[in-house]
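Chemist: Here are the chains, one letter per residue:
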Amino acid sequence: MGENLFNKVWELHKVKTLPSGQDQLFIGLHLIHEVTSPQAFQMLRERGLKVLYPERTFATVDHIVPTDDLGRPFKDPLAEEMIEELEKNTAEFGIKFFNLDTEYQGIVHIIGPELGLTQPGMTIVCGDSHTSTHGALGAIAFGIGTSQIRDVLATQTLSMSRPKVRRINITGKLQNGVYAKDIILMIINKLGVNGGIGYAYEYGGPVIESLDIEGRLTVCNMSIEGGARAGYINPDEKTFDYIRGRMFAPRGDDFVKALKFWREIASDGDASYDDVVEMDADNLEPMVTWGINPGQSVPVSGKLPRIEDFPEEERGTAERAYRHMGFKEGEPIMGTKIDVAFIGSCTNGRLSDLREAAKIARGRRVAKGVKALVVPGSKRVARQAEEEGLDKIFREAGFQWRNAGCSMCLAMNPDKLEGRQISASSSNRNFIGRQGSPTGRTLLMSPAMVAAAAIEGAVTDVREMI
Amino acid sequence: MSVIEENVRRVIEGRGLPLRGDDIDTDRIIPARYLKCVTFDELGKFAFYDERFDEDGNAKEHPFNDRRFEGAEILVVNRNFGCGSSREHAPQSLMRAGIRAIVGESFAEIFAGNCLQLGIPVVTMSHEKVSELQGLLEEKPGTKLKLDIGEKKLEADGKLFEVEVNDSARKLLLSGTWDTTSLLLANRREIEEVARRLPYLQWRQTA
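Those sequence lines, one after another, are chains P and D. Note that the first sequence covers residues 1 to 466 in this note's numbering. Note that the second sequence covers residues 1001 to 1207 in this note's numbering.
Bear in mind the hints are in silico, worked out from the structure with no lab data behind them. There may be inaccurate statements among the hints.
Mimicking BS3-like on lysine-lysine, the simulated pairs with C-alpha atoms at most 30 Å apart in a straight line are [stated by the list, open to error]:
| no. | chain 1 | residue 1 | chain 2 | residue 2 |
| --- | --- | --- | --- | --- |
| 1 | P | Lys164 | D | Lys1060 |
| 2 | P | Lys392 | P | Lys371 |
| 3 | P | Lys238 | P | Lys260 |
| 4 | D | Lys1171 | P | Lys8 |
| 5 | P | Lys50 | D | Lys1129 |
| 6 | P | Lys416 | D | Lys1060 |
| 7 | D | Lys1036 | P | Lys50 |
Derived list of chain D stretches under chain P, where covered just means 3 residues or more per stretch with a C-beta under 8 Å from a C-beta of chain P [unchecked claim]:
| no. | segment |
| --- | --- |
| 8 | 1037-1047 |
| 9 | 1066-1076 |
| 10 | 1079-1087 |
| 11 | 1113-1126 |
| 12 | 1137-1146 |
| 13 | 1156-1162 |
| 14 | 1196-1204 |
Where a beta carbon is used, it is the ideal one built from N, C-alpha and C, also for glycine.
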């Protein structure tokens, strides 16, 4: 029996087995941002510790960035304090910081891959649960808490228990207008929001292989929404082509060596797994969430589920979802009126996402009364989109074109829902209060579906607008 | 295994606080706007803020607002508690609100790991047992619980429950070594060996 990528990478990075039975794992790449790192640096200072490998940690600022006005100091003094703290910490400990005055600032999970920092066979951590994104290039990547950030800064290692590995095969062929976002929403719907606890997910099969790297990043990004701390895809020629020539990619002879390493680290053809599941995507439709967790979704042509049809243990959450959303069982999701449309986030803020959304927006107008935002995931994405004229298409259609940041995904900046507003959102979480209003409501969907909803003023089937 | 006496978490005694509901996510435990801080010090008062207070700041019905559970130290929750974000602010806010241990049906992994790093035991029981314990606490608020990590038992009002604790977590709690930094740093030589064998650390840094 061969070995899977996850176990190969784990063994390669294992420092030793600790007395507790956990493994001490070397971390190849550490990414930090302004929200979860300041307390970790403070802990280092209190203990008189240094950063052991400062060249293996990279910083950016994303969560608190006001995407409409980057002028400093920020209008929000708390946000200003946070960015100043990161400036101080990175300067003091010698860490490279892609700050707002560089060309490379952006959402941490967008800039890692686009700068070539994210590479196959690495272990990657960040104080952010969507770190699973980086697995799309064949890395083991997962989110950690602040005390663990302290450990990584001080020792470049973590104490971890090795999870099991579940292979998820997606067969069939995607219809036009169905995207990576719909695949991962389907997976979470079928396996549940806690189905992945204790597992890393390996995504594979013809549909996953057919995705471009940006689509793969979207799939891996939401692994954590299914309870899996890490999700990854075996590296292939598309992966190697994507990395080649990027800022931190190996060059010349080193790239040749890298190719050899990356090919060897992929799961063997006869690799074993702790679990294997298969799903077919032939009949997959655009998916839309109707509830308060990312597993509560329906196909766009579908009707909202009946509480009695849920397994008993899920009924409580379903009832709570209906109470919060104000929807009725059996209603179609199509035609649900929206107030806000948000295109962006680490899930769907990349160039291909903006291109697909722009195809829908081109020559059309945002519905009256709908506030529509397009927020590129990084400065580089923004620059490329502007070179292609996407910003102009969006603006002419009545969308606001913003600066790079997390924006309305999590409401740590001025972009927020108000009151009971309903948002069509390309982000990753529809939790109660997530988009900034305790009574606000979020419908997750692909960026093209968000663009379609913005134009119609209601949830609609993007396949009819292509 | 060496022991750090002052960090040992063997027996935790305190009043129980039942909090019903599956999939209670970290945005509910601590809304994102309270993450705008550079220390964890003030987070205790924001635990479950949007569920405890309306938009005008008036208290709503919630176990954390319920006088009968004031001073509770052991939280009793249901399935997939702490799902969502990796923010350590979530367990930090619970800890600073007085919670010293959590009993539940299941926990999201990052949340459970964050709790362990703070020396907060998270232990699990079946749905039936958790419901029974929550019912007992609702019926007799103020009931004192005794959670024994060594024996993997929970005592409540004369009743004995068996609890599950992850083996590694149990060892770290019983030896007081859940704060892992110094333990990890002690292996500096082995860390350097791994750094030397990783192919990608041998390539030229190009930027």
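Chemist: All hints are to be evaluated individually against the structure, with a verdict given for each.
Modeler: Here is how each hint holds up against the structure:
{"no.": "1", "hint": "Lys164/P - Lys1060/D", "result": "violated (42 Å)"}
{"no.": "2", "hint": "Lys392/P - Lys371/P", "result": "holds (17 Å)"}
{"no.": "3", "hint": "Lys238/P - Lys260/P", "result": "holds (15 Å)"}
{"no.": "4", "hint": "Lys1171/D - Lys8/P", "result": "holds (27 Å)"}
{"no.": "5", "hint": "Lys50/P - Lys1129/D", "result": "violated (46 Å)"}
{"no.": "6", "hint": "Lys416/P - Lys1060/D", "result": "holds (23 Å)"}
{"no.": "7", "hint": "Lys1036/D - Lys50/P", "result": "holds (25 Å)"}
{"no.": "8", "hint": "1037-1047", "result": "holds (count 4)"}
{"no.": "9", "hint": "1066-1076", "result": "violated (count 0)"}
{"no.": "10", "hint": "1079-1087", "result": "holds (count 7)"}
{"no.": "11", "hint": "1113-1126", "result": "holds (count 4)"}
{"no.": "12", "hint": "1137-1146", "result": "violated (count 0)"}
{"no.": "13", "hint": "1156-1162", "result": "violated (count 0)"}
{"no.": "14", "hint": "1196-1204", "result": "holds (count 7)"}
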